[in-house]
Structures are given as structure tokens and as C-alpha cells.
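Construct the complete structure from the given sequences, taking the supplied hints into account.
There are 2 protein chains.
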Amino acid sequence: MVSVVAVATHAGVSPATVSRVLSGRIVVAPETRARVLEAVKELGYRPNEMARSLRAGRGRGVALVTGDVEQGIYAALAKHVQAELEALGLDLLLFNLGHREDRLRHFLERAPSLGLRGVLLSSPHIMDMAELMPLILTATASGIDVISVSQDLSAYGIASIIHDDVGGARAAAEHLIAQGRTPIAFLGRIATSAIGRARFEGYRDALLAHEQAIDPDLVWDISEGYRADAGYQATSNALAKGLHFRAVLTASDELALGSMAAATDRGHSVPGSVAFVGFGGLGWGVFSRPSITTVSLDVGAVARAVRDRFKGEDEVPSTPERIVVPARLVLRQSA
Amino acid sequence: MVSVVAVATHAGVSPATVSRVLSGRIVVAPETRARVLEAVKELGYRPNEMARSLRAGRGRGVALVTGDVEQGIYAALAKHVQAELEALGLDLLLFNLGHREDRLRHFLERAPSLGLRGVLLSSPHIMDMAELMPLILTATASGIDVISVSQDLSAYGIASIIHDDVGGARAAAEHLIAQGRTPIAFLGRIATSAIGRARFEGYRDALLAHEQAIDPDLVWDISEGYRADAGYQATSNALAKGLHFRAVLTASDELALGSMAAATDRGHSVPGSVAFVGFGGLGWGVFSRPSITTVSLDVGAVARAVRDRFKGEDEVPSTPERIVVPARLVLRQSA
Numbered sequence: 001m002v003s004v005v006a007v008a009t010h011a012g013v014s015p016a017t018v019s020r021v022l023s024g025r026i027v028v029a030p031e032t033r034a035r036v037l038e039a040v041k042e043l044g045y046r047p048n049e050m051a052r053s054l055r056a057g058r059g060r061g062v063a064l065v066t067g068d069v070e071q072g073i074y075a076a077l078a079k080h081v082q083a084e085l086e087a088l089g090l091d092l093l094l095f096n097l098g099h100r101e102d103r104l105r106h107f108l109e110r111a112p113s114l115g116l117r118g119v120l121l122s123s124p125h126i127m128d129m130a131e132l133m134p135l136i137l138t139a140t141a142s143g144i145d146v147i148s149v150s151q152d153l154s155a156y157g158i159a160s161i162i163h164d165d166v167g168g169a170r171a172a173a174e175h176l177i178a179q180g181r182t183p184i185a186f187l188g189r190i191a192t193s194a195i196g197r198a199r200f201e202g203y204r205d206a207l208l209a210h211e212q213a214i215d216p217d218l219v220w221d222i223s224e225g226y227r228a229d230a231g232y233q234a235t236s237n238a239l240a241k242g243l244h245f246r247a248v249l250t251a252s253d254e255l256a257l258g259s260m261a262a263a264t265d266r267g268h269s270v271p272g273s274v275a276f277v278g279f280g281g282l283g284w285g286v287f288s289r290p291s292i293t294t295v296s297l298d299v300g301a302v303a304r305a306v307r308d309r310f311k312g313e314d315e316v317p318s319t320p321e322r323i324v325v326p327a328r329l330v331l332r333q334s335a
Numbered sequence: 001m002v003s004v005v006a007v008a009t010h011a012g013v014s015p016a017t018v019s020r021v022l023s024g025r026i027v028v029a030p031e032t033r034a035r036v037l038e039a040v041k042e043l044g045y046r047p048n049e050m051a052r053s054l055r056a057g058r059g060r061g062v063a064l065v066t067g068d069v070e071q072g073i074y075a076a077l078a079k080h081v082q083a084e085l086e087a088l089g090l091d092l093l094l095f096n097l098g099h100r101e102d103r104l105r106h107f108l109e110r111a112p113s114l115g116l117r118g119v120l121l122s123s124p125h126i127m128d129m130a131e132l133m134p135l136i137l138t139a140t141a142s143g144i145d146v147i148s149v150s151q152d153l154s155a156y157g158i159a160s161i162i163h164d165d166v167g168g169a170r171a172a173a174e175h176l177i178a179q180g181r182t183p184i185a186f187l188g189r190i191a192t193s194a195i196g197r198a199r200f201e202g203y204r205d206a207l208l209a210h211e212q213a214i215d216p217d218l219v220w221d222i223s224e225g226y227r228a229d230a231g232y233q234a235t236s237n238a239l240a241k242g243l244h245f246r247a248v249l250t251a252s253d254e255l256a257l258g259s260m261a262a263a264t265d266r267g268h269s270v271p272g273s274v275a276f277v278g279f280g281g282l283g284w285g286v287f288s289r290p291s292i293t294t295v296s297l298d299v300g301a302v303a304r305a306v307r308d309r310f311k312g313e314d315e316v317p318s319t320p321e322r323i324v325v326p327a328r329l330v331l332r333q334s335a
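Heads up: the protein sequence lines correspond to chains A and B, in order.
Using UniProt numbering, you'd call the opening residue of the first sequence number 1 and step up by one each time.
Using UniProt numbering, you'd call the opening residue of the second sequence number 1 and step up by one each time.
I should point out that these hints are in silico values taken from the structure, not numbers from a laboratory.
For each residue, glycine too, the CB sits at the ideal point set by N, CA and C.
Careful: at least some of the hints might be erroneous.
[What the hints assert, rightly or not] A short, non-exhaustive set of chain A residues, derived as facing chain B with CB atoms under 10 Å:
#	residue
1	L132
2	G180
3	R227
4	D253
5	S259
6	M260
7	S288
8	F310
Here you go:
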């Protein structure tokens with residue numbers, strides 16, 4: 001690779017002068033500057049971005065920490081965030097936790113030494129904040145902007161860009177109630193997921209507001225996995241027990257697909273005898289048959305808010321600590 | 001953050017001695033070494049990984065360059081590769097091209113200055129290699145191991161870890177022929193995708209081997225997008241034209257889902273009147289109704305081969321230049 005020294009020799013100036021010209025910070029005689037830039041161009045010199053960011057004290061990388069990037073909504077988030085960061089000249093690093101909290105701790109411990117600009121936490125897991133806060137504060141003290149992009153951690157002073165999970169689930173449950181689709185079951189991860197819990201809250205709020213009882217037998221808290229197979233299993237179990245329900249509000253489109261399959265396999269018509277609502281608004285949900293009515297999440301808006309946060313080169317971000325992106329019920333065939 | 005100087009002061013040695021102990025390269029008196037390590041432990045010193053990799057001349061990051069990470073198979077690849085790299089202490093950087101070739105060129109131009117250990121190319125696009133090779137060679141000369149993990153670029157001297165796309169498609173077409181499901185249509189991206197083209201080759205080989213004509217009207221080359229909506233559109237168009245076919249071999253599970261929906265919406269039973277085969281083996285394909293018969297790709301095996309490639313800390317990789325991971329036909333309801 002072409003070195004600064006080679007550029008300096010070629011331009012007949014000192015390496016320090018080359019650095020001055022390239023940093024753009026100190027006044028250099030126009031003629032000297034032109035000579036240096038000519039040499040840079042002729043030799044094809046490219047400053048080492050890693051060395052430069054190290055000197056500047058801040059990296060060009062932003063890490064996205066996901067629970068499971070194979071889940072459609074997180075892949076969509078990764079895609080949108082990467083595009084927005086790239087527009088700022090920043091790189092996306094991906095850390096997939098595979099739903100293992102020890103990996104989050106391990107990652108946060110390393111974060112300060114990775115030269116990152118920011119860390120985007122998008123794991124839905126309920127975290128042991130007493131244990132994690134010291135690590136997060138250490139990262140923040142090292143100049144890393146730690147932001148939650150899934151669950152609301154603003155109570156801990158962590159900037160949070162979140163979807164309106166409660167409002168979205170409430171709207172979905174109210175739609176089902178308005179259609180006379182009661183009783184309504186809830187299918188999601190509640191005990192271990194902050195997101196699942198928020199969606200459950202929206203479901204509960206809507207039922208209570210319409211004087212519907214919350215039947216514990218119809219609240220299906222899945223502990224492992226979050227995808228189609230878990231939805232299939234939970235719904236099969238409920239049907240095998242002979243539980244009666246007219247609709248299932250699920251916490252992801254994958255869960256809705258699995259849940260629908262279980263009902264179909266047992267001879268129930270969808271949405272005739274049971275209606276289903278998903279969460280996420282993934283592209284393929286339009287093409288399952290029946291297509292999936294869903295609470296659509298605007299990951300593009302989250303990604304743009306992330307970009308706003310990082311667009312100031314050196315300033316401390318001044319955007320609000322808590323941004324709530326609206327969720328929207330999209331009606332299709334399943335409910 | 002604790003500095004080397006603080007550790008040196010605490011241990012009563014020079015900073016150079018601390019560096020010597022931590023690098024593990026030069027013999028230091030055992031007693032001195034113990035004193036330094038004690039100080040490191042007491043002060044909670046962590047060497048700056050970025051600075052260290054910069055000195056070592058090789059980064060700890062490996063970039064995965066995808067065409068569209070929202071497509072399920074690439075999200076799965078990102079997940080598996082990240083897990084394997086993490087086991088080696090390496091970080092995954094994600095670059096999503098959004099199917100824009102200029103972004104690939106731009107990324108490769110920057111690669112040498114990013115301090116990467118490796119670049120994994122997983123875009124399916126047919127690339128202008130005359131233009132890209134100089135950039136790839138520059139990256140390789142900077143110590144970056146450039147590997148293709150989707151299309152076969154071994155003819156260009158680029159290590160390639162690929163799925164058996166040709167063999168997988170051939171097996172799928174032979175299954176359909178054996179079931180008497182002819183004529184068979186092919187749905188995929190052929191003109192612009194090396195992967196789609198390989199899958200088309202498998203389809204063509206099987207048809208020719210069984211003395212079936214290749215009907216150009218039944219080869220649906222989709223140029224934009226690669227997901228469910230493109231499959232829906234192409235299949236709707238074919239049905240609107242009154243084309244006759246008994247099966248559709250598609251180049252992704254998403255395409256199969258969209259294609260099936262188009263047939264269903266026009267009153268064709270699946271698989272009764274038309275059978276469908278997907279490609280990828282994504283988890284949700286088990287739970288669509290009908291579930292999707294698919295050519296399952298083993299992304300875990302690709303990720304393990306990537307790990308083998310990077311496990312030698314300083315050695316030049318000695319694994320073969322071309323690894324072909326078998327693809328397997330998984331029979332479900334749709335064919």
C-alpha cells in the first residue's frame with residue numbers, strides 16, 4: 001500500500017505536511033496543498049481508515065446486537081440500518097446473540113476495545129440490568145453511543161428508539177373484538193421478552209377496556225424459540241386440550257404462520273372458525289394463503305432515527321431519549 | 001480506560017516490558033512477568049484490540065457482503081457465519097448491497113483500509129470481473145482473504161465455498177419428472193444471477209436427460225427482486241396467458257410461496273393440479289399450507305468451512321480452493 005512517506009517524497013514535502021493537508025485542519029500554502037493532492041492522486045494513496053479513526057478516538061463502526069437475525073424483522077432492521085449508516089460512511093457490525101445472554105455480556109465487555117461509534121441493542125430479551133449497566137456505562141464513557149432499538153430502556157438513561165408494541169397489539173385486539181372474534185388467545189414470549197410482554201400488555205389493555213376476561217388458558221407464553229415451530233406447537237397443544245377460541249393474536253408473523261398451520265391441520269377453517277393476527281409486516285405474509293393480517297412495524301423509520309443519531313460527526317446527540325415509531329394494523333385475509 | 005503506563009507504574013517496570021509480557025513474544029524473567037500480570041489483573045487493564053490488530057497488520061473483522069440480507073437464506077448465512085467467527089474471536093461486519101453493483105465496487109475499494117481479515121462475497125449477482133479483479137487483488141495483496149460463499153469464482157483464483165446449486169435443481173426436476181409432473185416451469189433470476197443460472201442449469205440438465213423439451217415460455221427469468229412478490233407476478237402472468245404446466249421449480253422458498261399463491265388465487269389446487277419446489281429450506285416453509293418441498297441448503301456447513309479457513313492465526317489457508325456443499329431435496333406437501 002502507498003505510504004504517507006511515499007506521498008511526501010513524491011510531493012517534495014515532509015510527511016507531517018501531507019498529514020496536515022489530508023486532515024484539512026491546519027492552513028497549508030495553497031501551492032503546497034495542490035502538490036500534495038497531486039501526489040496523492042498520482043500514487044493512488046488511500047489513508048488507512050482504521051488508523052485514522054484510532055487517532056480520532058472514535059471508530060467508524062456501529063454494532064447491531066440482535067437476538068436472532070434469522071427472524072425476519074431483525075434481518076429487515078439490519079438491512080435498513082446498514083443502508084442508513086453507509087450513507088454516513090459508517091460500517092455495520094453484526095452480533096447475533098442466538099438468545100444467549102452471556103454473549104451479550106461478553107460483547108459489552110469487549111465493546112470499548114473495538115473502537116466502535118455506537119452499539120444498537122435490538123435483543124428482545126429481558127436483561128439483568130443490574131449486571132449490564134456497569135458494562136453499558138463503561139462503553140458510554142468510552143464514547144460509544146449505546147441505543148436500544150427494540151425495548152424501552154429509557155428509564156435507565158439509555159436512548160430508546162422503539163416500535164409502539166403496546167399500541168399495535170391493542171389495535172389488533174380491538175379489531176378482533178369489533179369483528180366479534182372472541183375469545184381471543186395471545187401467543188408470544190412473555191416471561192423472557194420485553195417486546196413480547198409489551199405486546200401482551202396491548203392485548204390485555206384492549207380486552208379489559210372491552211370488559212373481556214383474560215383467560216390464563218388462552219395466554220400461551222412460549223419460552224423457547226420464537227418462530228413458526230413454536231407457534232405450531234403451542235396452538236396444537238391448545239386445540240388438543242379442547243380450548244375454545246375464535247382468534248389468536250400472535251407476537252410475530254412467523255408465529256402466526258405456525259399457529260394458522262396448526263389450526264388448518266386440525267380441520268379448522270381460517271379465518272372462518274379462527275382468525276389470526278401476526279406482528280411485523282414481513283413481505284412474505286402477503287403471500288401465505290390465507291395472507292396474514294398483521295401489525296406492521298416501520299423498521300425504515302427506526303433506521304432513519306438511528307441515522308439522525310449518528311449524523312453529527314463529533315457532537316453529542318441531541319435527539320430525544322425516547323422515540324416511539326407508530327405501528328399500523330394491516331388487514332389481509334387471516335383476520 | 002487503564003493504560004499500559006498505569007500497568008507499568010503499578011508493576012514497577014517500563015511500559016515496554018508490559019508490552020513484551022502481553023505480546024508473549026520475548027522472554028521476560030518469570031518473576032517480572034508475574035508482577036505485570038498481577039498488575040493487569042488488579043487494574044482491570046484491557047489491551048485495545050483495534051490498536052493491537054493495527055500493529056499486527058491484520059484486523060479481527062470479516063465482512064459478509066450480501067445482495068439482500070432480508071432474503072431468508074442470507075440471514076441464515078449471516079447468523080451461522082457470525083457464530084463460527086465469534087468462536088475464533090473474530091467479528092462479522094455486514095455489508096448489504098441491496099442488489100446494487102456500484103456498492104460492491106465501492107466496498108472493495110475501501111476494504112484494504114478497513115483492516116479486515118477477510119471478505120466473504122455472497123451476492124448472487126453476475127459481476128463484471130474485469131472491473132472487480134484489480135480491486136480484489138489489491139485487497140488480497142493487503143492480506144485480506146477474499147472468499148466467495150455463493151457463486152463459484154474459483155476460475156478467477158478466488159476460493160469458493162458453494163452449494164451444489166446445479167445438483168440440487170437437477171434432483172428437484174428429476175423428482176418432478178418421476179412423478180409425471182410435466183411440463184415443468186422454471187422460475188428464477190437467470191440473466192443477472194450466477195446462482196439462479198446454476199439452478200436453471202440443473203433444471204435444464206434433468207429435462208434434457210429425460211428427453212423433455214425446454215419450452216422458452218416456461219422459463220420465467222425475473223429481473224427485479226427475488227422474493228415472493230416476483231414469484232406471484234411471474235406466475236400470474238403465465239396463468240393469464242393460458243400457459244400449461246404441471247409443476248414450477250423455483251430458485252427460492254420465497255418465490256415458491258408467491259408462485260403457489262398465484263396458482264391458488266386462480267383456483268388451481270396445490271399440489272393437485274400444479275406442484276411447487278422451493279430452494280433454501282427455510283424454517284417457515286414447513287408451516288405454509290401446503291408446506292413447501294424444497295432443495296435444502298446447508299448454510300451451517302458453509303459457515304464451518306469459513307471457520308476452517310480463518311482458524312489459522314497467521315498461516316496462509318491451505319484448504320481447497322473450491323468446496324461444494326451438497327444440497328438435499330426435502331419432500332413436503334407442495335410436490
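Hint-by-hint comparison with the structure:
1. L132: violated (17 Å)
2. G180: violated (25 Å)
3. R227: Holds, because the Cβ-Cβ distance from R227 of chain A to chain B comes to roughly 6 Å (cut-off 10 Å).
4. D253: holds (9 Å)
5. S259: This hint holds: S259 of chain A lies near chain B, its Cβ roughly 9 Å from the closest one there, short of 10 Å.
6. M260: This hint holds: M260 of chain A lies near chain B, its Cβ roughly 7 Å from the closest one there, short of 10 Å.
7. S288: holds (6 Å)
8. F310: Violated, because the Cβ-Cβ distance from F310 of chain A to chain B comes to roughly 16 Å (cut-off 10 Å).
Checked against the numbered hints above, the structure violates hints 1, 2, 8; every other hint is satisfied.
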